[in-house]
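J.: Okay, here's what each chain looks like letter by letter:
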Amino acid sequence: MSTPTIPRRSWAQRYHVKGIGWTVLLLFLLVGSAQMTGVNVGMFFSNLGQFTNLLVRMSNPAWDYTTVIIQPLLETIQMAVLGTTIGAAFAIPFAVLSASNLIHNRWLRGLTRLFLDLVRTLPDLLLAAIFVAIFGIGSTAGVITLAIFSFGMVSKLFYEVIETIDMGPLEALESVGATKITIIWYAVLPQILNQFISYFLYTLEINVRASTVLGYLGAGGIGVFLQRSLNEFNYNQTAVIILATLVVVLVIDGVSNHLRRVLL
Amino acid sequence: MEQAAPIISFKGVNKVYSNGTVGLKDISFDIPRGQFLVVVGLSGAGKSTLLRTINRMHEITSGEITVENESISDYKGKALRLLRRKIGMIFQGFNLINRSSVEKNVLSGRVSYYPTWKTILGLFSKADKEKAVHSLERVNLAEKLYTRADELSGGQQQRVAIARTLMQDPKIILADEPVASLDPLTTKTVMDTLKRLNQEDGITVIVNLHSVALAREYADRIVGLRAGQLVYDQPIANVTVEDLDQIYQAEGEKA
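As they're listed, the protein sequences go chains A and B.
Residues 0 to 263, numbered by numbering that gives the first Met the number 0, are exactly what the first sequence covers, in order.
Residues 0 to 254, numbered by numbering that gives the first Met the number 0, are exactly what the second sequence covers, in order.
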């Protein structure tokens, strides 16, 4: 028996030149950008004491404050649900128009994607500021902000899902003589529904957190109370708000996990 | 020799892909109504392309194809959908909607008889729902009506696909390697079903096959393709094993 000849690796392969090169480059970029933007890592450590101080002051939550924040917390959830639903509903047709396996017209697809990119570029805080100016302080501004923010995010997630589907059923429906809309309804929708629901819930979770921040700008919900407690240095109340929001996020996460398991 | 009027006719058909690859080269032949035609040839010989030009899932570059004496090249929109409605298609990968029920899959074969909004709301007539059960009975799967398609075995899935095609009331069935991913036993069931529809309903059946043995067992007539060209065309009575071996010889192996 002869010993098998092992194919020789090139010099670059043997010493992992590529991998090492990329790592060095990334480290260089990291240090470089920290220096250029003036991030002082030392400051993080020297001021750590203040952070602990804050934590200590928050470590004694004012539990009786819970009754006060239940109403605004519910409002926050309602805002998030409404905003996510409206945004996701509008996202579906745009996701279809952006999917390269459904729309072969490059211009139409390009234009739709450009529009979605534009929507995603607008920061949610900017949107909130604009809509508070238009609709006044309150949850209307919040809902519209969240709807547009979810629309931008969900439509991208949705069209990426659509692009991974099995094209076989579409071919079958086309060969049957179905119209484009029927094809999408019968052959595309069942394939993507689960992931759509999953992404919808993920967006809802993000929106619950986002809407607490939006409250800062007067867009309604729990954020108003968060801002008030911080301004008044009532960190005991801040702690309650954060914990309550955590509970909501955990519940949504649990529901989303459960639904995914049931639906798949 | 007296022959039935052709239901499909190829006249000088060429297909060149946009990257310059020749798909079909000067194909001319007629398919009489009610024939069980088997197309054989190596992978990449153009069998799938040939099949898909008949229901315009693939466009041809030049030449003419007629179905029931009408040129199909200029069909658009509704006319194209009506052409496809009378031509059923069976695929190697079954192409069922996996997450949907068998019933919904079978009914989806009927959508071209309804306006779009009715298909979306699932408003199928009682007669068509009964027709779906009847179609499943014909492939011996009626008891699977409410099962999810992906819970069926490969052979069962292909029979559901045949039931879906039956919903179209097709005059022609195109089957593209219908048994390539099935075991010998289920292969027989599927091929027998196709043969039965051909004989009982008079549906013209065109099947692409890899297997020479199957081709000889089921075909009325065998045509052979090599590199996009029609290199063989004989009624089954004249087909010999040597002929078929010839078709399957790769370019390099030619004597």
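Just so you know, these hints were derived from the structure itself, not from any lab.
Note that CB positions come from ideal geometry on N, CA and C, so glycine has one too.
Take these hints with a grain of salt, some might be off.
Derived Cβ-Cβ restraints for the label pairs, each shown as a range [what the hints assert, rightly or not]:
1) K128(B) with N193(A): 50 to 56 Å
2) I180(A) with A78(B): 15 to 21 Å
3) P183(B) with G109(A): 57 to 63 Å
Here are the simulated SDA-like cross-link-like pairs (lysine to any residue), alpha carbons at most 25 Å apart as the crow flies [unchecked claim]:
4) K155(A) with R208(A)
5) K75(B) with W184(A)
6) K75(B) with K130(B)
7) K179(A) with T188(B)
8) K77(B) with K155(A)
9) K187(B) with W184(A)
10) K85(B) with E170(A)
11) K85(B) with K130(B)
12) K170(B) with H133(B)
13) K77(B) with S255(A)
14) K24(B) with K77(B)
15) K130(B) with Y74(B)
16) K125(B) with I180(A)
17) K155(A) with R51(B)
18) K117(B) with W106(A)
19) K125(B) with G153(B)
20) K75(B) with W106(A)
J.: Now look at each hint and say whether the structure bears it out.
T.: Hints, one by one, checked against the model:
Here the CB-CB span from K128(B) to N193(A) is close to 27 Å, at odds with the stated 50 to 56 Å. Distance hint check for I180(A) and A78(B): the Cβ-Cβ separation is about 18 Å, which falls inside the suggested range of 15 to 21 Å. Separation of P183(B) from G109(A) is about 50 Å and departs from the stated range, judged on CB atoms against 57 to 63 Å. Using a Cα cut-off of 25 Å, the hinted pair K155(A) and R208(A) holds, with the two alpha carbons roughly 20 Å apart.
Between K75(B) and W184(A), the direct Cα distance comes to roughly 21 Å. Compliance with the 25 Å bound is thereby established for this hinted pair. Proximity of K75(B) to K130(B) is assessed by CA-CA distance (about 29 Å); at most 25 Å being required, the pair is judged violated. At most 25 Å may separate the alpha-carbon atoms for a hinted pair to count; K179(A) and T188(B) exceed this at roughly 33 Å. Annotation: proposed proximity of K77(B) to K155(A) is violated, straight-line Cα distance about 33 Å (limit 25 Å).
Annotation: proposed proximity of K187(B) to W184(A) is violated, straight-line Cα distance about 34 Å (limit 25 Å). Between K85(B) and E170(A), the direct Cα distance comes to roughly 16 Å. Compliance with the 25 Å bound is thereby established for this hinted pair. About 16 Å separates the Cα atoms of K85(B) and K130(B), which keeps this hinted pair within 25 Å; it holds. Of the pairs offered as hints, the one joining K170(B) and H133(B) holds, with about 18 Å between alpha carbons and a cut-off of 25 Å not exceeded.
Between the alpha carbons of K77(B) and S255(A) the distance comes to roughly 42 Å, so the proposed pair goes past 25 Å and is violated. For the hint pairing K24(B) with K77(B), the CA-to-CA distance comes to about 29 Å; that exceeds 25 Å, so the pair is violated. For a cut-off of 25 Å, the pair hint linking K130(B) to Y74(B) is broken: about 29 Å separates their Cα positions. About 23 Å separates the Cα atoms of K125(B) and I180(A), which keeps this hinted pair within 25 Å; it holds.
Restraint check: the Cα-Cα separation between K155(A) and R51(B) comes to about 33 Å, which exceeds 25 Å; the hinted pair is violated. For a cut-off of 25 Å, the pair hint linking K117(B) to W106(A) is broken: about 31 Å separates their Cα positions. For the given pair, K125(B) sits about 29 Å from G153(B) by alpha-carbon distance, which is inconsistent with the 25 Å threshold. Proximity of K75(B) to W106(A) is assessed by CA-CA distance (about 22 Å); at most 25 Å being required, the pair is judged to hold.
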